[in-house]
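S.K.: Listed below, chain by chain, are the residues.
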Amino acid sequence: METDELIAALAADDTAPKRPRLVWRLLPGAVVSVILMALFWGVRPDWGQAVQNLPVLTKQGLPVVLLLLAALLLRQGAPGRKPMLGLFAGIAGAVALAWGIAVLRGGDIMGQSAWQCLLSIPVLALPMAVPLFWGLRHRVEPQPARTGMVAGLFAGAAGAAIYALHCDEDSAAFFLLWYGLGIAACGVAGRIAGARLLGV
Amino acid sequence: MTAKDAEIEVLMRQGLAGDRRAYARCLALLVPRMRAMAHRDLPAHLTHLVEDVVQEALLSIHLKRGSWDLARPLLPWVRVIIRHKAIDMLRATPRARHDPIEDYADLGAPEVDPLAGLHLEQALARLSDRDAALVRQHAVQGVDADSLSRSFDLSPGALRVALHRALRRLAEAARKEEEWKPTS
Chain S
87 METDELIAAL
97 AADDTAPKRP
107 RLVWRLLPGA
117 VVSVILMALF
127 WGVRPDWGQA
137 VQNLPVLTKQ
147 GLPVVLLLLA
157 ALLLRQGAPG
167 RKPMLGLFAG
177 IAGAVALAWG
187 IAVLRGGDIM
197 GQSAWQCLLS
207 IPVLALPMAV
217 PLFWGLRHRV
227 EPQPARTGMV
237 AGLFAGAAGA
247 AIYALHCDED
257 SAAFFLLWYG
267 LGIAACGVAG
277 RIAGARLLGV
Chain H
3 MTAKDAEIEV
13 LMRQGLAGDR
23 RAYARCLALL
33 VPRMRAMAHR
43 DLPAHLTHLV
53 EDVVQEALLS
63 IHLKRGSWDL
73 ARPLLPWVRV
83 IIRHKAIDML
93 RATPRARHDP
103 IEDYADLGAP
113 EVDPLAGLHL
123 EQALARLSDR
133 DAALVRQHAV
143 QGVDADSLSR
153 SFDLSPGALR
163 VALHRALRRL
173 AEAARKEEEW
183 KPTS
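So the protein lines, in turn, are chains S and H. Residue numbers for the first sequence follow our numbering, so the first one is 87 and each next one is one higher. Residue numbers for the second sequence follow our numbering, so the first one is 3 and each next one is one higher.
All clues stand as given, with none of them false.
To give a feel for the contact side, a few chain H residues facing chain S, derived at Cβ under 7 angstroms:
1) Tyr25
2) Val33
3) Leu60
4) His140
Examples of chain H residues toward chain S, derived with CB under 7 angstroms:
5) Ser62
6) Pro78
7) Ile83
8) Arg162
9) Leu165
10) His166
Hint data in this document are derived by calculation from the structure and do not stem from the laboratory. Quick caveat, the model's predicted, so the values are computed rather than measured. We put the beta carbon where it would ideally sit given N, CA and C, even for glycine.
My request is simple: use the sequences and hints to build the entire structure.
M.R.: Structure below.
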């Protein structure tokens, strides 16, 4: 087929161009996650007071910081994207270090709900991850695996931030490890999904 | 940005707003630029793949044009697509061997890709007959949708959707073909 014939066929297709609209796709997913958490997990009753302590504030705030960073990365369109993955590596390193210190000081690692935490974060991330990937499919992504990983980290961090409203394990040795693993698992899953679903 | 670049961008904006004539003109103006870009990205012995790269990039531009950020220049965005498609094409092409042909007296002519330039044709062949016919008919008859909707027995709306889906499948088929590796 000649190139000008292809152009004619493309110009004949007048279905409206699909826009990524990531924020608009994400918002309903976030609402679904919060509702799911409130219905099946339940907000911890003393959240308002607990969050004034530094460990709980860290547990609640760190995922929010992470999701804002990931959102900044995701907002940038294809050409001229600044690589900020070093930043994520830095955060992961700092978290690992802080976790090590917390363990050495005799913090409770396993707590009561390690598995519940590890599973809940991806489950709560899913309602946001699906529309996010759907939107990213409409975008030009020259590095699909990397974008997928950032999207997965975003959804995982958002899931963790929502789960932290429920979670009443306030030992740093617990939440740095299990939250970290839950978010990292979302990042890995996002990387695999990105390599398959996203592209140019 | 040259005046021509600005003109292409204006045409793309009009195309996104629904002006199909402007859109076709925009793509037609883009093609020489895209050929030049693909030429730069492909090594000298693979320049016969330029048109394949351009055609695949056109499909990608078309399907993802809604994600072009209107506030940013168009050509760097196109550049990303071309580079990506060229790299894909390189990966899919068996690495050229540079052994002197004299050492292989038992071989015939040097290896030439007999399917060069037929990439999109191959992708079309993988579509269902109806999808392929839809794309071809549109390509030949252009924007005259009325006669097409009669010949395919589809309402204009259904014809539009059918063409869009056929183009999406075509882009997918072209991409899948790149993933195909010869078992040598």
